[in-house]
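Participant: Okay, here's what each chain looks like letter by letter:
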Amino acid sequence: MTTSPQTDPGPLRQSARSKRATRIADAASGGWKVVAAKILGLGVVDAIAIYALFVLVRSESWLVAGLVAAVTLLVNWIYFSRGKLPAKYLAPGLIFLAIFQIFVLLYSGYIAFTNYGTGHNSTKEDAVNALLLSSQNRVEDSPSYKLTVLEQLGEISFLVTEPDGSVSIGGNERPLEDVRNAQLEGGVAVGLNGYTSLGFQDIIAKQTEIAAISVPLTDDPNDGMLRTPDGSSAFLYTSSLEYDEAAGTMRDTNSGTVYSDIGTGAFTSDAGQELLPGWKIDVGFDNFIRAFSEESIRGPLISVTVWTFAFAFLSVFTTFALGLFLAIVFNDKRMKSRKYYRIIMILPYAFPGFLSALVWAGMMNQEFGFINTVLLGGAEVPWLTNEWLAKGSVLFVNLWLGFPYMFLVTTGALQAIPEELTEAATVDGAKPWAIFRFVKLPLLLVSVAPLLISSFAFNFNNFNLIYMLTNGGPRDVSAGVNVGATDILISMVYKVAFVGANRDYGLASAFAIIIFILVAGISIISFRRTKSLEELN
Amino acid sequence: MKVTKRGLWAVGALTVTASLVLTGCTAASDTTDSAAGNGGSLTVWVDADRASVLKDAAADFTAETGVEVKLVQKEFGDIRDQFVAQVPTGKGPDIVIGAHDWLGTFVTNGVVAPVELGDKADDFQAVGVTAMSYEGQVYGVPYSIENIALVRNTALAPSTPATFDEMVTMGEAAGTEYPFLVGLDPEAADPYHLYPFQTSFGAPVFGTDADGSYDAEALEIGNAGGDEFAAWLAEQGAAGVLNTNITGDLAKEKFVAGEAPFYLTGPWNVPAAVEAGIDVAIDPIPSAGGEDAQPFVGVQGFFVSAKSENALAANEFIVNYMGSEEVQTALFEVGGRAPALTASFEAASADPIVAGFGTVGENAVPMPSIPAMGAVWEFWGVTEAAIINGGDPTSLWQKMSGDIQTAIAG
Numbered sequence: 001m002t003t004s005p006q007t008d009p010g011p012l013r014q015s016a017r018s019k020r021a022t023r024i025a026d027a028a029s030g031g032w033k034v035v036a037a038k039i040l041g042l043g044v045v046d047a048i049a050i051y052a053l054f055v056l057v058r059s060e061s062w063l064v065a066g067l068v069a070a071v072t073l074l075v076n077w078i079y080f081s082r083g084k085l086p087a088k089y090l091a092p093g094l095i096f097l098a099i100f101q102i103f104v105l106l107y108s109g110y111i112a113f114t115n116y117g118t119g120h121n122s123t124k125e126d127a128v129n130a131l132l133l134s135s136q137n138r139v140e141d142s143p144s145y146k147l148t149v150l151e152q153l154g155e156i157s158f159l160v161t162e163p164d165g166s167v168s169i170g171g172n173e174r175p176l177e178d179v180r181n182a183q184l185e186g187g188v189a190v191g192l193n194g195y196t197s198l199g200f201q202d203i204i205a206k207q208t209e210i211a212a213i214s215v216p217l218t219d220d221p222n223d224g225m226l227r228t229p230d231g232s233s234a235f236l237y238t239s240s241l242e243y244d245e246a247a248g249t250m251r252d253t254n255s256g257t258v259y260s261d262i263g264t265g266a267f268t269s270d271a272g273q274e275l276l277p278g279w280k281i282d283v284g285f286d287n288f289i290r291a292f293s294e295e296s297i298r299g300p301l302i303s304v305t306v307w308t309f310a311f312a313f314l315s316v317f318t319t320f321a322l323g324l325f326l327a328i329v330f331n332d333k334r335m336k337s338r339k340y341y342r343i344i345m346i347l348p349y350a351f352p353g354f355l356s357a358l359v360w361a362g363m364m365n366q367e368f369g370f371i372n373t374v375l376l377g378g379a380e381v382p383w384l385t386n387e388w389l390a391k392g393s394v395l396f397v398n399l400w401l402g403f404p405y406m407f408l409v410t411t412g413a414l415q416a417i418p419e420e421l422t423e424a425a426t427v428d429g430a431k432p433w434a435i436f437r438f439v440k441l442p443l444l445l446v447s448v449a450p451l452l453i454s455s456f457a458f459n460f461n462n463f464n465l466i467y468m469l470t471n472g473g474p475r476d477v478s479a480g481v482n483v484g485a486t487d488i489l490i491s492m493v494y495k496v497a498f499v500g501a502n503r504d505y506g507l508a509s510a511f512a513i514i515i516f517i518l519v520a521g522i523s524i525i526s527f528r529r530t531k532s533l534e535e536l537n
Numbered sequence: 001m002k003v004t005k006r007g008l009w010a011v012g013a014l015t016v017t018a019s020l021v022l023t024g025c026t027a028a029s030d031t032t033d034s035a036a037g038n039g040g041s042l043t044v045w046v047d048a049d050r051a052s053v054l055k056d057a058a059a060d061f062t063a064e065t066g067v068e069v070k071l072v073q074k075e076f077g078d079i080r081d082q083f084v085a086q087v088p089t090g091k092g093p094d095i096v097i098g099a100h101d102w103l104g105t106f107v108t109n110g111v112v113a114p115v116e117l118g119d120k121a122d123d124f125q126a127v128g129v130t131a132m133s134y135e136g137q138v139y140g141v142p143y144s145i146e147n148i149a150l151v152r153n154t155a156l157a158p159s160t161p162a163t164f165d166e167m168v169t170m171g172e173a174a175g176t177e178y179p180f181l182v183g184l185d186p187e188a189a190d191p192y193h194l195y196p197f198q199t200s201f202g203a204p205v206f207g208t209d210a211d212g213s214y215d216a217e218a219l220e221i222g223n224a225g226g227d228e229f230a231a232w233l234a235e236q237g238a239a240g241v242l243n244t245n246i247t248g249d250l251a252k253e254k255f256v257a258g259e260a261p262f263y264l265t266g267p268w269n270v271p272a273a274v275e276a277g278i279d280v281a282i283d284p285i286p287s288a289g290g291e292d293a294q295p296f297v298g299v300q301g302f303f304v305s306a307k308s309e310n311a312l313a314a315n316e317f318i319v320n321y322m323g324s325e326e327v328q329t330a331l332f333e334v335g336g337r338a339p340a341l342t343a344s345f346e347a348a349s350a351d352p353i354v355a356g357f358g359t360v361g362e363n364a365v366p367m368p369s370i371p372a373m374g375a376v377w378e379f380w381g382v383t384e385a386a387i388i389n390g391g392d393p394t395s396l397w398q399k400m401s402g403d404i405q406t407a408i409a410g
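Protein chains in written order, with the UniProt record's numbering: chain D, 1 to 537; chain P, 1 to 410.
So here's chain D without its partners, still in its complex pose (with noise of 0.2 Å):
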């Protein structure tokens, strides 16, 4: 845009560029109601960006208030400036694919370097209080203590009565003395001369200080503490855990077992016995090699993963094989009423597949499902409790769930064939399955195949439908580990990593990573297949 008109008046430049200019002030600014639907609806993405803000920026969450802004400013940015139409277009998937994808992704790599899991929830001052917490016992058969709480110069104290009538006062780190003076309300004391009593309302306004104060009973300290859990009442505590801040060492006051952090993110004490909570660290690779270490996780895993791969292939085989076989049924023009097969083979796809899988497991119960009392007349096919009729079970109920995709896809593969195509093979003298064979499979593949991977991908991790069916089962009990028959990687990881309320959560992304390693290597080299494939025709 260096000239200027008065040097270049060449009326068809002039009419070409006046043309190009509307288009794209037409592009950029639109109509009013354009700048007007603009303008409100980033208007009420920065309100909601602003309030989330402010929530944010109260619970002193500064690294995500810090997000919030940035990614509201370039969004701003973005859709204000003329232009940058590439960017408009991608800016709301990208953002999406940051928290949705990338965040889990790198959240659940590095989990799958830490010992996170029950027992190893949190950080060490979390453990160190959760510990001191429940390692308060009341001493046996004291008192229950009738509490007002007492406020002189800020500074709290406890005026406590007896169940026998006697009153005393006390605070943090001052142990209790007598008190004659007290006013008392039916047995209770309630107030003293120069303290404040503190109402309901003023406990509660600080209560933080008040749970943390602990009246020691006498100078003994083994004597115990009065603490209270509700304002109203005191209790009399031991401590059974001592924590040693400088040597960063558990003492159990009990029995004198000393249990010191040894890196293992627990307290340990020196004959290897653990306190839990303990807290979350750093492991490095012990994850992996607990993988293929473990014996729970050793002993099955050949024939664990050898089972997922026959699952993952005979699935994607079997449905890619009924849905193609119908779609070129239905393909056919002198088929009747087409349309309304179609709807009815689309129907298995559009309930969900957890549903199904439960309810195909009432229909394959042994005694009493539809299929055994019904379809085969009382005959007790154990179909899901014999290993091999259970892997049956298992791939067809994943027919059933999965042709209706593959029908839907290989009818629009089939119809982007061109028909002189198949003419022109006829001419040639070409039998229809011939045509099938060479022509169309072929063509089809081309584009097909990248689906075919990513069902294979799928049906490599096919959790729900394992899970919801068999669980596994059924299970060898004498073989002495818990996998069965139809566990495949991802449902054995569940059950190694999952025992009962157990979870680790550490060892769990450890295989959550070595399965994407498995499936995405075996995608890439199918990819470069089909690209051969593509290079052919």
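One thing to keep in mind: the hints can contain errors.
What the hints assert, rightly or not - Straight-line distance between alpha carbons at most 27 Å, and here's what the computed DSS-like set of lysine-lysine pairs gives:
1. D:K84 - D:K33
2. P:K254 - D:K206
3. P:K120 - D:K146
4. D:K88 - D:K38
5. D:K495 - P:K399
6. D:K84 - D:K146
7. P:K399 - D:K391
8. P:K120 - D:K124
9. D:K440 - D:K333
10. D:K336 - D:K431
11. P:K74 - D:K495
12. P:K120 - P:K70
13. P:K91 - P:K70
14. D:K38 - D:K84
15. P:K120 - D:K206
16. D:K391 - D:K531
17. P:K91 - D:K206
18. P:K91 - P:K74
19. P:K55 - P:K91
These are calculated hints, taken from the structure and not from any lab test.
None of these values were measured; they are calculated from a predicted model.
Given the coordinates of chain D, assemble chain P onto it according to the supplied hints.
Facilitator: Using the frame of chain D, we list chain P on its own:
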């Protein structure tokens, strides 16, 4: 033009979602932060059933004390893991409702604070307080107690059977399709429902130590009584009295249809039978092995977060308020679950069904909450299923006991 608009909506939706996602985690802390300034506020996680029940109680508490109670509705099954995950961030709730068998996980993760029931401890049913204890320390306020019992169709069986064999005889005499129903699973049987029979042979899962809590070191399941129980399972399986193909849903369906006089189940399945016009009586579980048949009892209650900044208000709410007779009775009237407070339970016992389950519950034992129980569940049910379906009882049972031992030690 159209494109720009669509992009706008997309970005709007995006930022809304993103902001909500980012603030969602921090929203709860918002309430805790403001607590110190005014009358204070408590965040309580409850499930959908209890949310409606607690609404009035919470409003009354606010009116009485000025402390605001925010009820956050959660899926009951999700509360455990979410509580464990959120407390360490300092942004979890102050109080959660939960089942007593979560306690092991809570304590090992350091997310719950002990609760002092003080003199009120005696006002609760003993099993409720025992269930809420872990290693001698009380961590929760019990609110309701649930256990299984023998539900009898009085039209088909007129009297209470004394033993399991007598029950089967009576059941066969009734001429129905099944003498006795219990919901099992083809793959994993159901150790929970079969446990009273197991204890009647003198084979509890764990022994108890001095203060009455379960001891993971003392695995009792494989003792001589365990072998007898396994042999009994094989016998009943062969006779068809126990059938792993009858799932929980099927058992309920068949009892409601009047196809069996006896049904081993909990109070949750009784309303369906009553609605179907069946006159039910709640009987003690008949002993199979001669000793008392003790079912597991499940106790629900309230726990306080270890990192609650409103500890005093939280304790006041759950111990002195939720633990009071009026509130426990009111909760029973709305929710229908047998109260844990003795006085309220006695009031509720006017209902013969509540009283019937309660009588059986007096004899019941808390389901172990120690983490070692996870290893037990892993092997227990599948072994029972294998024995019922014709496996060799003694060798499978001993194998199971050994596997559990190894899993606990490892």
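Participant: Confirm or reject each hint.
Facilitator: Going through the hints against the structure:
| no. | hint | in the structure |
| --- | --- | --- |
| 1 | D:K84 - D:K33 | holds, 20 Å |
| 2 | P:K254 - D:K206 | violated, 59 Å |
| 3 | P:K120 - D:K146 | holds, 14 Å |
| 4 | D:K88 - D:K38 | holds, 12 Å |
| 5 | D:K495 - P:K399 | holds, 20 Å |
| 6 | D:K84 - D:K146 | violated, 72 Å |
| 7 | P:K399 - D:K391 | holds, 26 Å |
| 8 | P:K120 - D:K124 | violated, 34 Å |
| 9 | D:K440 - D:K333 | holds, 17 Å |
| 10 | D:K336 - D:K431 | holds, 24 Å |
| 11 | P:K74 - D:K495 | holds, 25 Å |
| 12 | P:K120 - P:K70 | holds, 26 Å |
| 13 | P:K91 - P:K70 | holds, 14 Å |
| 14 | D:K38 - D:K84 | holds, 15 Å |
| 15 | P:K120 - D:K206 | holds, 25 Å |
| 16 | D:K391 - D:K531 | violated, 33 Å |
| 17 | P:K91 - D:K206 | holds, 20 Å |
| 18 | P:K91 - P:K74 | holds, 16 Å |
| 19 | P:K55 - P:K91 | holds, 23 Å |
This entry does not satisfy hints 2, 6, 8 and 16, going by the numbered hints stated previously.
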